[in-house]
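Enquirer: What follows is the residue order along each chain.
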Amino acid sequence: MTVLSPPPAVRPPMAGAIGQSVRDSFIIAKSGLIRVKRAPGMILFLLIQPTIFIVMFTFVFAGSVNIGGTTDRAGFREFNVVGIMAQTVIFSVIATAAGIADDMRKGLVDRFRSLPMARGAVLTGRTLSDAVALALTLVVLGCVGAAVGWRFHEGIPKMLAGFALMFLLGYAFTWVGALTGLAARSPETASSAPMLWLLPASFISNAFVDPTRMSTPVRYMAEWNPFSATVQAARTLFGNPGTGARDAWPMQHPIGASLIYSIVIIVVFRTLAVRKYRRTATS
Amino acid sequence: MPEAIHAEGLVKHFGDVRAVDGVDLDVPQGTVLGLLGPNGAGKSTTVRILTTLLTPDAGHATVLGADVVKDPDTVRRSLGMAGQFAAVDEFLTGRENLQLIGRLYQLRKRDAVARAEELLSLFDLTDAADRTAKTYSGGMRRRLDLAAAMLMKPAVMVLDEPTSGLDPTSRRVLWDVIRAMVADGTTLLLTTQYLEEADQLADSICVIDHGRVLAYGTSDELKARVGNERVELVLPEGEDLTGAGLVMASEGQGDVSIEEQARKLIVPVSDGARSLGGIIRRLDELGVPFDDIALRRPTLDDVFIALTGRSAETDEATEDVRVKESVK
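The listed protein sequences correspond, in order, to chains R and S. In my numbering, each residue carries its 1-based index in the first sequence increased by 759. In my numbering, each residue carries its 1-based index in the second sequence increased by 30.
Certain hints may be false.
[To be verified] Pairs of lysine-lysine residues, derived as DSS-like cross-links and limited to a Cα-Cα distance of at most 25 Å, are as follows:
| # | chain 1 | residue 1 | chain 2 | residue 2 |
| --- | --- | --- | --- | --- |
| 1 | R | LYS865 | R | LYS796 |
| 2 | R | LYS796 | S | LYS294 |
| 3 | S | LYS139 | R | LYS789 |
| 4 | S | LYS164 | R | LYS865 |
| 5 | R | LYS1035 | S | LYS100 |
What the hints contain is simulated information worked out from the structure, not anything from laboratory work.
Go ahead and model the full structure; you've got the sequences and the hints to work with.
Expert: Here it is, written out as structure tokens:
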């Protein structure tokens, strides 16, 4: 073995910590995208369940579910597709949590933590590449939905805004996933434990049935559920039915509520996750 | 010139377990310290404190004079580390892995690319450079991991069980890589549960168990603590043991122990090979025939048993504590 030459000079420090943080985050995100490209199974995994749900719900439940006082089949299809797209978006928790728990187990997180790099960059990078996967998932689900009869009625800009709000909620939930992945003892726990709250959170909402027909306490929970705000906002922007519940503030102002909820989730969980990342002892 | 690594009174609890219980360490620059102990002895925890991954509950440690708690960034810049698990991204190729680490060390892109090429050829991974790390053998992953740890040519390297779980051939290849690093001036702290590895690579050895340092010294010093060298003589069947016993008593130091059944005589000696030569000459002069004669040195295993009451390598050598926990 010959001798290793002296190390190359490092770049001069970028303007402030934020510059370095952005750069390091993008470097990690790029490696995450290579991972998405080489292991597309993750996206398929994210897509299988909602695709089945969209097709199944559309053909089984259409005609039996009362939305805003009518059991119109076409109305239910539009109602249902948005609910399932939004549910898929918050399930992004699982992919991020499992990915980060796996990095921890393999010692990759330790390697990154021993490098002189920006603090939050590993987590920011991973959530960004997972967000790209999430965006692809939304595009595919939009197409599946269109195939079974989902339509938007308020023009393309509002349609895009609706998807943007769902995407933002999904990105917020990747940060919940980052914290979950750091706290979990194994990738298996990281991918199964979130189900315990994801299922109630997505069903006690306006995603699948009209909350106006729920009992009062459940209806209250459903209408204040952060997830419901995004569903309501997307339906409003798409011009889809089922936006009748108007008692709670988030249901009256769904777009603002959706933005506020998503931003609060990002700020809170990013802070917690980055703190945990800095402190975590893996042994 | 500060010590490359200096630790004083390190303590770390996990719940009720004192994983590290007052460890002192010194690694002078340019030397290799082997941290030897069985699984769960506190080796990895000590290493994780020194590499800034864990904060100690008590005590302090410095790497090239920089405090691991107060000044972790300075420590990280002068330290390379490779953990028990080859920390490579399986979905990236060998080349992409090294470029990624180089970029995160804040190298310019073209420098990171050039550095990756240099390391790939140095660690004999050029042919596999464009395959994803998933397809690598255990030994190749360790080499890639070492290459990543060496990227900035750190003055101090910390290797946590660098060869655990590898087959003997890959282990020897890795030892050569490590020796070359040391020859090039790198200070090395190495944990291992393989006595041979410590004997082969380390200048001094620190035996650790239950989070405490039990002994510290060169391999020879540690062996000398267990006992002297001894000469073992085996006579042919039917031969009288008395004459040979007298020879050994006069040349050796202390009592001759005799195993009648095996016709074996053992005596501690003070002067190693010279004493052995003396005994052989006297036996020849007296015409005493013998089947076998040898100078036996205590092994590190003898040291370990003497210090801890158990053998270092009897524990599951490659058992992964973290994986075990996650299975529960």
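Enquirer: Going through the numbered hints above, which ones does this structure break? Give me the numbers in ascending order.
Expert: 2
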